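Novice: The lines below spell out each chain.
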Amino acid sequence: MAVLHVLRKWAPNRAELRTFGKYCFLAAIYVTLGVINGFFVVAFWFGLAFLFLTAWVIPTLWRRLTR
Amino acid sequence: MSWAAHDLEPYAFQKHLGAKIAFVPLLLGSYAPDQFSKWFVYGIHLGPWDLKANDPVQFHRGWPGLGFTHSLTFGVLVGLLIWGLFGSRIWGISFMIGHAAHVITDAGDTVGTMWFFPWTHHFSIGAWAYAGQTGRFTDAAAYFSGLGGMWDLFWILYGLLSWRVITRDYFNTVVYNADAFWPWLNKRLPKEALLVLYRGAFFYGCCQWLAWSIWAHVYHHYPYDLHWGGPHWVHAAHPND
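So the protein lines, in turn, are chains W and E. Quick note on this note's numbering: the first sequence kicks off at 55 and runs consecutively. Quick note on this note's numbering: the second sequence kicks off at 22 and runs consecutively.
Bound conformation, chain W alone (with noise of 0.2 Å):
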């Protein structure tokens, strides 16, 4: 009972669950782009820009340009 009671504290909730889906669709095509070409995953800042582009700019563009 008692390791239940944990797991269900450690265990993350719908909507977290949606965000690390997010993510991992995310890492999918980064993850893809890096097998092709080494090149794509040899610096942070690349990683960083591909996030920042894919989790935050084009999401927010997306929402303002269909409001």
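Bear in mind the hints are in silico, worked out from the structure with no lab data behind them. In this text the structure is predicted, and so the values were computed from the model without any measurement. There could be a bad hint or two in this list.
To be verified - In the EDC-like style, the derived pairs of lysine to aspartate or glutamate whose C-alpha atoms are separated by at most 20 Å in a straight line are:
id	chain 1	residue 1	chain 2	residue 2
1	E	K59	E	D76
2	E	K212	E	D190
3	E	K59	E	D71
4	W	K63	E	D190
5	E	K212	W	E70
6	E	K73	E	D262
7	E	K41	E	D190
8	W	K76	E	D190
9	E	K59	E	D262
10	E	K36	W	E70
11	W	K76	E	E213
12	E	K36	E	D190
13	E	K73	E	D55
Stated by the list, open to error - Here are some, though not all, of the chain E residues that point toward chain W, as calculated from beta-carbon distances under 8 Å:
id	residue
14	R157
15	F158
16	T188
17	A214
18	L218
19	C228
20	Q229
21	W233
22	Y240
Backbone N, C-alpha and C define an ideal beta-carbon position, used for all residues, glycine too.
Fit chain E to the supplied structure of chain W, relying on the hints for placement.
Specialist: Same frame as chain W, but now just chain E:
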């Protein structure tokens, strides 16, 4: 040489030290030792010029060379400089912690690091082969075939088990309030964007590990060799080579 560990270790420190540290200088410290040297270790092409260190191991980790950047004394010195110049104790100490994590982690390979420079003794446990002298791609293949790649995997799993450290709640209540940098940046960008930036190194570290592992073992079929000091199919450099 370590790869994704330098991206992921700062989140473990963040989890355990909470508001006592600032994340940005912690990450900068973790990246600092390789910032000025790694490109020259692997070499780059600039038009007609090929720029590469004659002795990459000596240049990266030795003296004479830039090996002093991989010493605890250098991290303390730069941390004190940050503290003195910017008047921020938390930035200075966070930089020192991130930098020390890099120096100690790199002691895991066969070349090791000069912890107490100007004492030029290399501290090394030799768990994985240092292969920076072979170029970026062979180095990646070797690293992700040996215990170095497993060390990175440990930090990925540790980060995933400690997932609350990268949640919005944690960022808003701990990370944002611990360091004046975030409110300053918040004047230019919304909090949603800051949260994405905060998660950046974790995302990059996990992706880097996955991409290079797939590249080395699915695309190219380099063999795994998890023996101490391996993989043994690559020439492992040592401090006095």
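Novice: If a hint holds in the structure, say so; if it doesn't, say that too.
Specialist: Okay, the hints, checked on the actual structure:
Of the supplied pair hints, the one linking K59/E and D76/E holds, its CA atoms being roughly 13 Å apart against a limit of 20 Å. For a cut-off of 20 Å, the pair hint linking K212/E to D190/E stands: about 12 Å separates their Cα positions. Restraint check for K59/E and D71/E: satisfied, since their Cα atoms lie roughly 15 Å apart, inside the 20 Å limit. Restraint check: the Cα-Cα separation between K63/W and D190/E comes to about 15 Å, which is no more than 20 Å; the hinted pair holds.
As the CA atoms of K212/E and E70/W are separated by approximately 17 Å, the hinted pair is consistent with the 20 Å bound. A hinted pair counts as satisfied when its Cα atoms are at most 20 Å apart, and K73/E with D262/E qualifies at roughly 18 Å. With a C-alpha separation of about 17 Å, the suggested pairing of K41/E with D190/E holds against the 20 Å cut-off. Between K76/W and D190/E the alpha-carbon distance is near 18 Å, which keeps this suggested pair within the 20 Å criterion.
For the proposed pair K59/E and D262/E, the alpha carbon gap of about 19 Å is at most 20 Å, so the pair holds. Among the hinted pairs, K36/E with E70/W is consistent with the structure: their alpha-carbon atoms are about 18 Å apart, no more than 20 Å. For the proposed pair K76/W and E213/E, the alpha carbon gap of about 14 Å is at most 20 Å, so the pair holds. Of the supplied pair hints, the one linking K36/E and D190/E holds, its CA atoms being roughly 13 Å apart against a limit of 20 Å.
Between K73/E and D55/E the alpha-carbon distance is near 15 Å, which keeps this suggested pair within the 20 Å criterion. The restraint placing R157/E at the interface with chain W holds, with a minimum CB-CB distance near 7 Å, inside the 8 Å limit. Interface restraint check: F158/E against chain W, minimum CB-CB distance 7 Å, threshold 8 Å, status holds. For T188/E, the shortest C-beta to C-beta distance to chain W is roughly 7 Å, which falls under 8 Å, so the interface hint holds.
About 5 Å separates the beta-carbon of A214/E from the nearest beta-carbon of chain W, less than 8 Å, and the hint is met. The beta carbon of L218/E is positioned within 8 Å of a beta carbon in chain W (closest approach about 7 Å), and the interface hint is therefore held. Hint status for C228/E relative to chain W: holds, with the closest Cβ pair at about 5 Å, below 8 Å. At about 5 Å, the closest approach between the beta carbon of Q229/E and any beta carbon in chain W falls short of 8 Å, and the interface hint on this residue holds.
For W233/E, the suggested interface contact is upheld, since its CB lies about 7 Å from the closest CB of chain W, less than 8 Å. Look at Y240/E: its Cβ gets to within about 6 Å of chain W, closer than 8 Å, so that hint holds up.
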